[in-house]
Amino acid sequence: MSDASTTESYAPGTHPDLPPPLLESGAIYWVRKNLLSSWTNIGLTIAGVYALWLIVPPFYDWAFADAVFTAADRSECQSLGDGACWAFIQERFTIFIYGFYPEAERWRTIVTFALLFVAIGPLLFDNFPHRGKAMLFSLSYPFIAAWLLLGGFGLTPVGTDEFGGMLLNLIVGITGITFSLPIGIVLALGRASQLPAVRIICISFIEFIRGVPLITLLFLASTMLSYFLPPGTSFDLLMRVLIMVTLFASGYLAEVVRGGLQAIPRGQYEAADSMGLKYWQSMRLIVLPQALKISIPGIVNTFIGLFKDTTLVIIIGLFDMLGMGRSSLADAKWAGLSSEVYISIAVFFFLFCFAMSRYSLYLERKLETGHRI
Amino acid sequence: MKRILLGAIGALAMGATAASAGTLADVKARGSLVCIVNSGFVGFASTDKDGKWQGYDVDYCKATAAAVLGDPSKVKYKPATGKTRFTILNSGEGDVLWRNTTWTFVRDVDVKLAFQGVNYYDGQGFMVNKKLGVKSAKDLDGASVCIQTGTTTELNLADYFRVNKIKYEPVPTENNEESRRNILAGRCDVYTTDASGLAATRATFKDPENWVILPEIISKEPLGPVTRHGDDNWSDIIRWVKNAILAAEELGITQANVEAMAAKAGNNPEINRLLGTEGDLGGMLGLDKRWAVNAIKAVGNFGEIFERNIGTKTPVGLERGLNALWTDGGLQYTPPFR
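Here the protein sequences come in this chain order: A and B. With this note's numbering, you'll find the first sequence wraps up at 373, consecutive numbering, no jumps. With this note's numbering, you'll find the second sequence wraps up at 711, consecutive numbering, no jumps.
You can trust all of the hints, since none of them are fake.
Okay, derived cross-link-like pairs now, SDA-like style, lysine to any residue, Cα gap no bigger than 25 Å in a straight line:
{"id": "1", "chain 1": "B", "residue 1": "K449", "chain 2": "A", "residue 2": "G151"}
{"id": "2", "chain 1": "B", "residue 1": "K504", "chain 2": "A", "residue 2": "S75"}
{"id": "3", "chain 1": "B", "residue 1": "K401", "chain 2": "A", "residue 2": "T160"}
In silico negatives: residues of chain B with every beta carbon more than 12 Å from chain A:
{"id": "4", "residue": "D444"}
{"id": "5", "residue": "W476"}
{"id": "6", "residue": "V484"}
{"id": "7", "residue": "D512"}
{"id": "8", "residue": "T525"}
{"id": "9", "residue": "N529"}
{"id": "10", "residue": "Y533"}
{"id": "11", "residue": "P588"}
{"id": "12", "residue": "G625"}
{"id": "13", "residue": "T650"}
{"id": "14", "residue": "E651"}
{"id": "15", "residue": "D653"}
{"id": "16", "residue": "L658"}
{"id": "17", "residue": "K662"}
{"id": "18", "residue": "K670"}
Note that these hints are calculated values from the structure, not bench results. In this text, a Cβ means the ideal position worked out from N, Cα and C, and glycines have one as well.
Make a model of the complete structure from these sequences and hints.
Right, here's the structure in full:
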């Protein structure tokens, strides 16, 4: 006997979807499937939770609950609380950002930084409004930035030895990234060239750069160069660093791009040739778009490495953010607060590097054409 | 390009001396003194909250700039690590090294440096945690020792342990801060560096009373300014700026009273000569008559520099000790200004 009030009848194919059983969906299912699916995983989960319990609460207490946010010096900090002394970071924040840049002129660095976003917008996103005109601005940006930072032509001149802190990291990093990509691509193409002279020059350059540590190159640029230049010649130290960092990154990028070039099937080159395209046409229209697309993770990897390598400038006496942190740590009033300083600097670097890697993921998704080569 | 190439070859042929016109002329032409300092050493060189350099060595940089250029702010600081300092000086990227550098035979003779006297007498010591129960450095057999690389302390330590036939395990670090972290974290049992550095480091601990500095001082560490070989005029200037600061304390000249004393010649002929109201010592150095006045006005006399940066009223808390004037039983002594 059937009960019509509880069992409805449906025509085939019209039954509504029922919610999945409680134990097979939602948070419980997720926990069961991901954390407790086998005895090994149960063990690992317990170990993981225990490790978090060991690390997170003490860190939270240190960094927030017991931390001191305003104090005049370290001893006052320590009398106020057992945790981190963020008062130090707060006091030194501006010099971590601007270094020795004169206080009255710091607005210029802010303008430069703000304009940077306007300039890289059209380069990074193809749905940027008025992209064509904005691109012109992007091309002139390096000159505008140099004028704003260095002064002259109506602005008070600021020497490059007054650059420091985050400003210096960004200048070195962004300049290196911007100029190393085109140089790297040219080197990669040169290495694959049919012309022996071009190929040999490119190979020796790339192998030299890859065979020597960046510190050595920087040290060479800062101290050895003056042995080779005529007495009395002065060649701006920051300029030397920028050149060295750019050359260093382009050597690495060339190899990354070469990997991309090699992944393009022979048929693509031949197809381009058979259509009557000249060398540069076939590179620009057929080969490089595909090669660069598959090189994106490697390129961004090199950029991130380059950005973190900007801290090496301390070796030659330029004070980037890390250097400012170290010299601040030697202030007798505050000495001994290295954890706070290093953690703040790590957070800053993480933000920048994480942003770069997220953008590269976005770019990969956008350029995904569905067929893999 | 050709000119640069020829110049490069010429420079190499001449033995690659970077500054050939004389450092004094270079500094005057540039309008600033490039002073090599420590990239961060408590009490001796650090940056304050406005990014201005401060410290014992930094004050000497300012005094030098004041004596040479008449303005203590015309200094460009060139921070260097223990390993890079001599290369930077010798390559001509800096004019003078005021960076707690120990005067040794090899550095003076073989590294081709010119030491210009001693502005701080130091000696190497050991610091251990009280709970180790160590009373003397001779009890340190088998200890792990935190030590900065590229310094004389590294070599002294090896000598001392070899002479006393005890074993140790070095834990190399790059700077003072790293050693400090290591000994606090227990990665080494002992921290060894100059006694001034030990005191300064101990002052930053949360529990300074639990740390002892052992009685043994195992080395002499005369720290002083350094210039390049072969520029005697510039070396004279550095040496006598240092001496003028010291003489100022001997003669009772301070930052506050120097202008008044230099206004007209007084009864003490040595003061008159130093401050340029009698004779022309400045002119002999190729400097202004008021060179010493400018230097003292900028940073004060030896005692004032000491007390302001590392003295007992500062967190570093060092006694004068060996650095008292010779009249007070110390070693600080200047040749006469005559």
